[in-house]
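Undergrad: Based on these hints, arrange chains B, C and D on the given structure of chain A.
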Amino acid sequence: MSQLFRINGGLTDRSKPINFTFNNKQMVGYEGDTLASALLANGQRLVGRSFKYHRPRGIFSAGSEEPNALVQLRTGAHQEPNTRATVTELFDGLTATSQNHRGSLGFDFMSVTDLLSPFLSAGFYYKTFMWPKAFWEKIYEPIIRSSAGLGSLSMLEDPDKYDKGFLHCDLLIAGSGPSGLTAALAAGHAGLRVIIADEDYVLGGRLLEEDHNIDGISGQDWVLQTLAELTEMSNVRILPRTTIYGAYDHGIYGALERKTDHLADSGDKPRQVLWRIYSKRAMICGGATERSIAFANNDRPGIMLAGAVRAYATRYGVATGNKVAIFTNNDSGWQTALELVAKGVNVVAIIDPRDTAPRTHISGVAMIMGASVCNTSGRKALSRIALSNGQTLNVDCLAVSGGWSPNVHLTCHQRGRPVWNDTIAGFVPGGDLPVGQFVAGAANGDMTLGAALKSGHKTATLIAKDLGFTTNSSKVAKADDENFAIKQFWHVTGHKQRAWIDLQNDVTTKDITQSQAEGFRSVEHLKRYTTLGMATDQGKTSNVLGLAVMAEATGKTIPETGTTIFRPPYSPVAIGAFGGRERGQHFHPTRLTPSHKWAKEQGAEFVEVGNWMRAQWFPKSNDKTWRDSVDREVKKTRTSVGVCDVSTLGKIDIKGRDAAEFLNKIYSNPFAKVPVGRVRYGLMLREDGICYDDGTTARLAEDHFVMTTTTANAVLVYRNMEFARQCLFPDLDVHLISTTDQWAQFAIAGPNSRAVLSKIIDKVDMSNDGFPFMACSNITVCDGTPGRLFRISFSGELAYEVAVPVRYGDALIREIIKAGKEFDITPYGTEALGVMRIEKGHVTGAELNGQVTAFNVNMNNMISIKKDSIGSVLSRREMMIADDQIRLVGVKTVELSDSLASGAHFVAKGEKPTTKNDQGWIASVCYSPHFEQHIGLGFLERGHERHGEIIRAWDGVRGTDILVEIVSAHMYDPEGGLQRG
Amino acid sequence: MIINHPLLGPRDANEFVHLGDESLIDRPDGMADDAANKFHNYMYLRDNPAGKYRELWYHDAGDRSWLVVTRDTLTHEIFDVELARDVARARGRSK
Amino acid sequence: MARLSSLSPLNGYQKSIGSINLCEINDYSLVSLAIPQDTTKKFAKIIKDEFDLAMPTSVMSKTDKKTRLLMTQPDQIFSIIPRVDNPEEDLSKTIGKAAYMTDQTDAWVVLEISGATSRTALERICQVDLDSNMFKLNAMARTTMEHMATIIIRTDVNTFLLMSASSSAKSFLHAVELSAKHIS
Amino acid sequence: MRYSALSILKQGLTGNKSWKPVWREPEPKKSYDYIIVGGGGHGLATAHYLAKIFGGKNIAVLEKGWIGSGNIGRNTTIVRSNYVLDGNQPFYEMSVKLWEGLEQDLNYNAMMSQRGILNLAHSDGQRDAYARRGNAMLMSGADAELLDRDAIQKMCPFLKFDNERFPIKAGLLQRRAGTARHDAVAWGYARSADMHGVDIIQNCEVTGFQMKNGKCIGVQTNRGPIKAKKTAVCVAGSSSRVMEKAGMRLPIESHVLQAFVSEGLKPTIPGVITYGAGHFYISQSDKGGLVFGGDLDGYNSYAQRGNLPVVEDVCAGGMSIMPMIGRARLLRMWGGVMDMSMDGSPFIDKTGIGGLYFNGGWCYGGFKATPASGYCYAHLLATDTPHENASQMRLDRFMRGNMIDEKGAGAQPNLH
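Residue numbers (the numbering used here), protein chains in the order written: chain A, 1 to 981; chain B, 1 to 95; chain C, 1 to 184; chain D, 1 to 416.
The shape of chain A in the complex, shown without the other chains (with noise of 0.2 angstroms):
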């Protein structure tokens, strides 16, 4: 097809042909064209189907207010669904497919809705699909689901990259028209940091769209001028193609700016941008949109905004149609037809309610006044027009303009209201901006191009004084006022056909009057029930109209009725714009152990632990399964000696004179009177008296304790000292820092641990007495290198931790491994530790998950009475000690064959497995290669006093139930014998 509707003049490049498909279909167009330009000018005229009659639609305006053209954009993985034809820059190559019908677009079987409509009348979905019963899930709802929604995704990754960013700015400037460019003029000369943004790839606004005169220049080459001019400032930003989508608290802006939407490939760039833009003040210059009139059929393909008809002749050098004919209740009307004329469109005919015209004549134009449009007719192009004075026109365009509503969004976000204003019949910014907000040009009601740059400059000089710049009085661009008298004319009544108000979802004026019919009667309600402004387009186009036929309904006017507010975004952002650059590996940070290095070349497995990659098990050539290695691993730590990376716990540096007493109140156990070299056992509370964390916290000198927390709660605790030091305990003398980085440690457990570290330390005493249980000590590794001894065991085994700085990590893992060669010395990764852990009964997060207390664990007694610790009041509630509460219990399979599971609950023989039955549940479990069965830890109602009973572990949603034996919680050498031998 070629461009038979192009015509001359516009800002598309005639030299620079683009190629592009619609519907398969090859078309050209030129650089500078929308796609929806391109279809214009190729004479495409149906481009879509509407949502809920599936009705024939055309291009309907030229903005990103566009309720019916939105096409699927590329292909494949690319695939981008409701696009807007009218915002999309055409590329060569782009391809776009039209979306929402069965069959072609010509033929859609889905439009036979259109002939039910009688039925599917407002809320008609609330008042049936009830019988039978099942067939709501099983056909009504699937039928629906189908037929709704517009556009698809492919299903596909999306496999473009995005990013986001951070911009500062004295004032930003949304939109670039007349207001926008004189403010940014204004502002730049007073030396603000500016940042103007508009949606638009080509800035200027209206000014590109319409033909005015400004200081004596045209209104495109004033911009051009200004531009430049804008360009050599050094504390302006221009950003193209940079939509402001929504006003958030303290002067922050979101704006997507699109990178590379705009080529056929993104280059391995990031398509999209997502600035967070920090403004001390901020203008809306965002213009207005133009809306419609409601008459009978007034949605066919080729009834347009009558601003769209003039910006497609006068921007983009294409004619709308062969014959055209304007219906306009305002003066912007009759300038459409007037640049039509002048770029030789053929108007036939200016239909205006009003009983006087603006104008004498416009050659040619017929002028119709006192008359409406009332009917319309041809089924996917608009063939011929009906007139209320009994008139025929044959047109193939209709351009309409009901107004224009000032585009106030973005002074609505944080719940302003706009008012009305009855002189240009529409909404204006109310009082109640966002602070540091100020609106000019259209968008502030200045409708006129005189009042709209006279208002930018003024509004942005004003905010330069406030903000303390003096403000060289720059010139104010002139240009003079054109009329824009308006008659408020919402529709055409007097017929039994639908009338369009919101037309992508299809809601007519007989939809609000059954609405009003029905008490469907606040904004709220009305929007809810006729889903009118819930579309692609928030109603841009359609709210004002609908609100307006509501209150003749009602017999109120239009502000009694109500107004309608924005949420954001301003126009639709892509999830992956919000979502940002990382979504895989770097999605959160990782952590690596200083060991990292080593325990890969040991083909470790790895998990993940809070960020951290922790060595989950280290892999033998003749394991056959995990469990192999983790049996492997504890065995021979039980038997001679391993090692284990422990660097993720939490460590905090606790010093100052009063680092005693201030642990005496972290801690529920007590902590003033720890020894300088002791370490010792600390149980830390909420304030709500819930257990917390627990850990060692090792004394080294009068004033310097270092407190080991578990890797999940290392940022928790730490916080919480912090509130206590500060908040609580404002005078003590005591001073935090987290040193989990700082120090690579290793836990080295087992028979033989003493013997293989004694090869390492620098002369200490390791003997038993020398270094006891529970003992610390600076000390120096492998001849000088500094570092920390702890006499700890997590595994129940003789055992020492050894840290130095994390530098040094991997050298001393090798180390540590080569002493320990004449041992056979294991490392052990998280599910050997787990496994030993549980054998011993020592508790961890799977225990301590937020809703258990020392009583629950057993360990009330570390909750000393004789001081106020944190948690301690409240940690004695009457329920919360109650003898029927859970205790922490070990669990052994009756059957040495069986396997248990976490998550099972407890039951007792014989009885069903109900709520009221539920005694209890499994929080860990492990296969115990020492007890050489399953084993674990749960919590029992009276659990401490029912060792030895048999109960069932049922495991409803694994279908599992059998029989385990409770026992002590502490399996494992119960005496702790081993740990200080």
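In case anyone wonders, no lab produced these hints; they're calculated from the structure.
Some hints here could point you the wrong way.
[What the hints assert, rightly or not] From chain D, some residues computed to sit far from chain A (all C-beta separations above 12 angstroms):
id, residue
1, S31
2, F54
3, R132
4, G141
5, A142
6, R165
7, H196
8, P225
9, M248
10, K350
11, I353
12, P386
13, R397
14, Q412
[Stated by the list, open to error] Pairs of lysine-lysine, DSS-like flavour, derived with a Cα cap of 25 angstroms:
id, chain 1, residue 1, chain 2, residue 2
15, A, K867, B, K95
16, D, K97, A, K138
17, A, K127, D, K17
18, C, K62, A, K161
19, B, K95, C, K97
20, D, K29, D, K57
21, D, K212, D, K160
22, D, K20, A, K496
23, A, K161, C, K181
24, C, K41, C, K62
25, D, K30, D, K245
26, A, K597, C, K170
27, A, K496, A, K556
28, A, K916, D, K97
29, B, K52, D, K245
30, A, K52, D, K17
31, D, K20, A, K556
32, D, K215, D, K29
33, D, K97, A, K127
34, A, K280, B, K52
35, C, K181, A, K269
36, C, K136, A, K280
37, D, K407, D, K169
[Unchecked claim] Pairwise CB distance ranges, derived in the manner of DEER restraints:
id, chain 1, residue 1, chain 2, residue 2, range
38, C, K45, A, V676, 28 to 38 angstroms
39, D, G247, B, A32, 22 to 32 angstroms
40, D, N222, A, E482, 40 to 50 angstroms
All figures in this text were calculated on a predicted structure; none of them were measured in a lab.
Backbone N, C-alpha and C fix where the C-beta goes; we use that ideal spot for every residue, glycine too.
TA: Chains B, C and D alone, transformed into the frame defined by chain A:
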């Protein structure tokens, strides 16, 4: 949101962690005889005003200061930001 | 027995991406100095005497050729000094008991970013305003980049030091590299 | 008027001209037996069950704005009973059972759609916690299945199974869970309550309570005083503000929860899916919009709007678990005021002030609870004894140490 840190100037609120009511500074004496009641009210009951609210924030990704922020819960407008340690002292938590 | 060899978080990384240069700095020692309550004046005098440097503020670091002082917390100073084996010991000679010292040398990775477009790259991950009038020479800020706590210091017009946790050094490097790639 | 396919046919043929108002707009009477303060989902449901099941007469619902204008009008419409604690699970299972019969009970199609909820697990620990929860669900008479990776892959091939950081290990599926058309729930209950004689009075704001020697004998409103034998407050989102007028401090903070909807799309997401390694859950509405959300903003707020960090965090979570939604566009974001209680669980209880009852603290779980909340509140109002399934949802539970803390987050509302 932007929190105007008394020492560092304006910072994006996403550097901070929100805890709750300023009254959490007023931890009762655990050894007092009616401690149970006092702690229940301290821990669980809130004024929860719709309007001016004095609340605790922690500069987690910053200088680790606990702050008392005076903010309107209806508009999010922030009136004042103080170091919690100073507030704690002013509320009599000195030794 | 051989003394343990040391390994820095990024193993001496150095790279240019477009007009941006990145390199790991690892020839320093870093000690945190916690100031005992109500002794700030005394402390300030000591660093004046010992380092001939004024007290840093929470937004401005102080530096001479060999030392840089940062106030990282109201009562906490980071001192970055030339690499020594046992910096706590070393500093206690001069500072004595005027501060509680904690070696932090290994807790951090330090990455220097320089080049004409360094700020453009940092725009993508740093929410602090780096405009040269707002963030002057030697200005410092503790903030977050890609969910990682970071200290940023301006050492020249287009040069910044970025300090982040050593355990996540590789993730941090990735974040900075990617920003450089995206704008190049 | 009774709704049926026939009524629609008749109306359609006669130009949809004689549809009647769905509820009356009566003037408030001088006094009622029961006044329910709050015309949200729970208030209207309470009125419906009180009138229809418990034979309550002379009932009024007072709504300060338009009915359904609270959180029932702005939520992500999820219905489920997948809790672990016995203080919650039987209650929510009761709710699901009521949802299952709702259309017939109300003669109004609230589009309850049982397309299932799938909670994804990404670590062994998380899988085991889901197992514990799934077993608790089964014990309460609900349905629950622990799915392995392959079963999930059959259901949702579009998920990112091999995410380098958070691979999918297992999932907890409740097939009977799903979504419903939230506004229609309010309208359906309102219509039914109205048909059972309940006065639904919109634009009637309660400005205070009438007290007489320590008892509550009615309310003050912007339309004059109204007497009541029993006054039942049901204003989640404004609980503290309203109860403050009765001199009560509550274990509740108000927080903002944001939610998001995409442009309409052809069927994409089978049911409700929640991500276990990020703050993200998602479903798809009958109209085709992807409805999703995540965590609280974290600060106290009554502003019904949130800020960007959470928006970005939620979408980042979505992109890491289902990167195929990257090119779908976020159409609208909004925030609701959540009655966040100190343990994340609600209250249905007497207040200690005679004649005054309280229902609130629903956190962000209020929608699914609507039927059971209405039923149990009506039971309490009619019998003055708590319904057995709501017997732990008491205001004094913190004093006694009987927290219902599903998350184990403690007394910090913004962590629940």
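Undergrad: Run every hint past the structure and note whether it holds.
TA: Cross-check of the supplied hints:
no. : hint                                 : in the structure
1   : S31                                  : holds, 25 angstroms
2   : F54                                  : holds, 25 angstroms
3   : R132                                 : violated, 4 angstroms
4   : G141                                 : violated, 8 angstroms
5   : A142                                 : violated, 10 angstroms
6   : R165                                 : violated, 5 angstroms
7   : H196                                 : holds, 17 angstroms
8   : P225                                 : holds, 25 angstroms
9   : M248                                 : holds, 21 angstroms
10  : K350                                 : holds, 19 angstroms
11  : I353                                 : holds, 24 angstroms
12  : P386                                 : holds, 17 angstroms
13  : R397                                 : violated, 8 angstroms
14  : Q412                                 : violated, 9 angstroms
15  : K867/A to K95/B                      : holds, 16 angstroms
16  : K97/D to K138/A                      : holds, 19 angstroms
17  : K127/A to K17/D                      : holds, 16 angstroms
18  : K62/C to K161/A                      : violated, 40 angstroms
19  : K95/B to K97/C                       : holds, 24 angstroms
20  : K29/D to K57/D                       : holds, 13 angstroms
21  : K212/D to K160/D                     : violated, 62 angstroms
22  : K20/D to K496/A                      : holds, 20 angstroms
23  : K161/A to K181/C                     : holds, 12 angstroms
24  : K41/C to K62/C                       : holds, 17 angstroms
25  : K30/D to K245/D                      : holds, 21 angstroms
26  : K597/A to K170/C                     : holds, 13 angstroms
27  : K496/A to K556/A                     : holds, 23 angstroms
28  : K916/A to K97/D                      : holds, 19 angstroms
29  : K52/B to K245/D                      : holds, 18 angstroms
30  : K52/A to K17/D                       : holds, 21 angstroms
31  : K20/D to K556/A                      : holds, 20 angstroms
32  : K215/D to K29/D                      : holds, 21 angstroms
33  : K97/D to K127/A                      : holds, 21 angstroms
34  : K280/A to K52/B                      : holds, 23 angstroms
35  : K181/C to K269/A                     : holds, 8 angstroms
36  : K136/C to K280/A                     : holds, 20 angstroms
37  : K407/D to K169/D                     : holds, 21 angstroms
38  : K45/C to V676/A: 28 to 38 angstroms  : holds, 31 angstroms
39  : G247/D to A32/B: 22 to 32 angstroms  : holds, 25 angstroms
40  : N222/D to E482/A: 40 to 50 angstroms : holds, 47 angstroms
Hint compliance for this structure: hints 3, 4, 5, 6, 13, 14, 18 and 21 are not met, and every other hint is.
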